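Those protein sequences? They're chains Y and C, same order as listed. First residue of the first sequence: 49, per our numbering; consecutive thereafter. First residue of the second sequence: 49, per our numbering; consecutive thereafter.
One thing to keep in mind: the hints can contain errors.
You can't tell identical chains apart in this list, so a pair holds if it fits in one copy or across any two.
What the hints assert, rightly or not - Here are the computed lysine-lysine pairs in the BS3-like style, where the Cα-Cα straight-line distance is at most 25 Å:
#1 272 to 295
#2 144 to 242
#3 272 to 164
#4 242 to 295
#5 164 to 239
#6 239 to 295
#7 253 to 164
#8 242 to 379
#9 144 to 252
If you're looking for bench data, these hints aren't it; they were derived computationally from the structure. Since the model is a prediction, treat every value here as computed from it, not as a measurement.
So you can see what is in the structure, the chains are spelled out below.
There are 2 protein chains.
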Amino acid sequence: MSRLTLALDAMGGDIGPRITIPASILALERDPTLSLLLFGDRQQILPLLSSAPNSIRQRCDIVHCARVIDSRQGISYALRHSKETSMRLAIEAVQKGNAQACVSAGDTAALMGLSKILLQPLEGIHRPALISTIPTVTGERSIMLDLGANVECDAENLYQFALMGAIFAENTLNLVYPRIALLNIGIEAVKGYKSIRDAADLLKKDTALNYIGFLEGNFLLNGKADVIVTDGFAGNVALKTLEGAAKNVISLLKSDKKKSILSHVFGYLIKYLFKDKYQRLKQINPDQYNGASLIGLTSVVVKSHGSANIEAFAYAIADAALQARRQIPQKIFAGLNKNEILMK
Amino acid sequence: MSRLTLALDAMGGDIGPRITIPASILALERDPTLSLLLFGDRQQILPLLSSAPNSIRQRCDIVHCARVIDSRQGISYALRHSKETSMRLAIEAVQKGNAQACVSAGDTAALMGLSKILLQPLEGIHRPALISTIPTVTGERSIMLDLGANVECDAENLYQFALMGAIFAENTLNLVYPRIALLNIGIEAVKGYKSIRDAADLLKKDTALNYIGFLEGNFLLNGKADVIVTDGFAGNVALKTLEGAAKNVISLLKSDKKKSILSHVFGYLIKYLFKDKYQRLKQINPDQYNGASLIGLTSVVVKSHGSANIEAFAYAIADAALQARRQIPQKIFAGLNKNEILMK
């Protein structure tokens, strides 16, 4: 893997450095050619790094900043008062070329707002979108966008999401001619919003894209489509509903009030006997699917869940590294420029 | 329980009478004061009833009809050609007062269209909605609407859904002052569509309703709200996403390629040891949550899943019976007429 430097907002997320720094150490252990610029309060970060081996610490640079973004008074206030915050400085490091991608678990709207201003949408992209990988029961992965960046979308926005999503899927999931579906409330041509039906017409015209039709919410996890396209409202509702359902099922399975020696013994045997199932259930663990990305910008920006744990935040870092190495923004720009439907 | 007659579209659903008739027998066994009018092909229905005891068969009247609704050529074609179909005749039986509620697993759009025409929305209701019960991890139930009847909704539509939902929850879940939430993509006041924010303002003004704020998709199953209000697009996506997630998890747990005597023995022990968990997982079984209802009409209409199995369809019948006995339409009408926000 090629050498790469990521800019990390160490202060973002519900817990801040106590998650982001151990996650950084984990990500650096797993990726020996990765370096990190850690933006945040040096006093909080340093002690958390002290236990890491020298080979890890050498690949971390702390950039001290005392301020953190504050979105409690609304997004426009947050953006106006973003100077010298860990999130803004991390994005600026990408803007200046000191890092190749940015990761934050901070406020989504602030991250999106600052990224749009500082990193700019790719020329021709009307609306950058939030994209994420979702698990499927077949063991494959699908990707879905938009997940909340754009509440209302017209047909061309949805079409651009499909194009970006296909390039994202080709390059991160290593798929050829990925199957694209539009999320809808039925599979018949008359269903849903006019914008969705019009987007379907645009997609059908484009033979370079493998459009397979409408997909309903109950098939999101079935691996029927590689790229699931939707507006930001429905996408956000669907993704959060999936996450909630998965977390609830997992917590039901984990929580056991009758902790006895017997149940431990049987627990072990269950795991042995039902290994396949447990493996597959584990795939639906949202930890492994942390990290939505802002797509359609000139650089890679990954948004971790605010409530991400160490493992989940480390996944978000690895995800940003993969996207930067695969040069997703450059490939989307190239894809846009050879697109016949958008260019005419 | 008071005597009650329901009209059943015996031909609806993916399988038709082979599901609806055994389900009818089950529902009649469980509810000794229930009678059914079965609309459909007598030749198909009769043999399926023959095994039932006399006490059950006496409470079934078959109304032969040779035609079934056909929505393959679109909804307007289906409605224009609906005369003498099992679905239409079942609804007409309610219209004429021969039955107190209708149950069908047929096409949702056709059922909704015919019900609106024949049974009429309650005076003052702008948009009838699809409502359903969803499980929660706390073991309670929540209800959600709209689930697909109205793709686009304004603030007053959403407010009316909240009012209808609250009355539905009070009367079917036996709740006092049920907690109402609006499904949104964040909990901050600025999030989501303008219609949702405006509906929130209306709900805050109404002290007769217990409005608690926005709810995100990941908390749908957590029992934080008793009534979850949304437009038909997001509601349909959310409900189907939940159903898909639940079905996938259940099928992962059920499917076992290593069927050995050992695994059967351990399966039994697991069920014994982890009884609580299995009970709670079972509560998320979509079979027990079959039956969305059309709410806002002058009579009760319950729509079963097209893919419902016998148990699930029997639940839909029991659900219709409960709503008719509790006089939900009459209570909604009364609630509308004393509502200060809608009446001014």
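Structure-based check of all given hints:
Taking identical chains as interchangeable, the C-alpha atoms of residue 272 and residue 295 lie at most 25 Å apart whether they share a chain (23 Å) or sit on different chains (15 Å). With identical chains, the CA atoms of residue 144 and residue 242 are never at most 25 Å apart, being 42 Å at best within one copy and 37 Å at best between copies. When the C-alpha separation of residue 272 and residue 164 is checked against a cutoff of 25 Å, the pair qualifies neither within a copy, at 32 Å, nor between copies, at 35 Å. Proximity of residue 242 and residue 295 under a CA criterion of 25 Å is satisfied in neither setting, with 34 Å inside one chain copy and 30 Å between copies.
In this assembly of identical chains, residue 164 and residue 239 lie within 25 Å of each other by CA distance solely across copies; the values are 19 Å between and 33 Å within a copy. In this homomeric assembly, residue 239 and residue 295 come within 25 Å of each other (Cα to Cα) only across copies, at 24 Å, whereas the closest approach inside a single copy is 31 Å. Proximity of residue 253 and residue 164 under a CA criterion of 25 Å is satisfied in neither setting, with 30 Å inside one chain copy and 37 Å between copies. For the identical chains of this complex, residue 242 and residue 379 are neighbours neither inside a copy (30 Å) nor across copies (36 Å), given an alpha-carbon limit of 25 Å.
With identical chains, the CA atoms of residue 144 and residue 252 are never at most 25 Å apart, being 40 Å at best within one copy and 47 Å at best between copies.
Of the hints listed earlier, those the structure fails to meet are numbers 2, 3, 4, 7, 8 and 9, in rising order.
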